[in-house]
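Student: In my numbering, the protein residues as written are 2 to 85.
In short, the hints are calculated from the structure, not lab data. Here the structure is a predicted model, which means the values were calculated and not measured.
Label-pair restraints from in silico Cβ distances:
| hint | residue 1 | residue 2 | range |
| --- | --- | --- | --- |
| 1 | Glu77 | Asn39 | 43 to 49 Å |
| 2 | Leu58 | Lys78 | 29 to 35 Å |
| 3 | Gly80 | Phe44 | 45 to 51 Å |
| 4 | Phe29 | Ala8 | 29 to 35 Å |
| 5 | Phe81 | Val30 | 30 to 36 Å |
Ideal Cβ placement from N, Cα and C applies to all residues, glycine included.
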Amino acid sequence: MSDNAEAHWGSTSRLMWITLAIWAFFAFVIHFFVNSLNSIVIFGFPLGFWFAAQGSLIVFVVLLFWFARQQNAIDEKYGFAEED
Numbered sequence: 002m003s004d005n006a007e008a009h010w011g012s013t014s015r016l017m018w019i020t021l022a023i024w025a026f027f028a029f030v031i032h033f034f035v036n037s038l039n040s041i042v043i044f045g046f047p048l049g050f051w052f053a054a055q056g057s058l059i060v061f062v063v064l065l066f067w068f069a070r071q072q073n074a075i076d077e078k079y080g081f082a083e084e085d
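Given these sequences and hints, build the entire structure.
Tutor: Put into structure tokens, the structure is as follows:
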């Protein structure tokens, strides 16, 4: 494998692990605190419910777009970008 391809994979792998860590935090860690957050009420809904039902989904969608943009930048940097 060429040095350029190894550097590309290193950057891609790092991005993947960062994205996975953010996903795991919002998929699992936030939900451990749902019961304690339910004492705070926003717009008639407990904050824990909002984080579990809405907040995580919003973060996941934003995370997908962020990941795609970052991966595109990595691909362009190392010359693996698709031609338009």
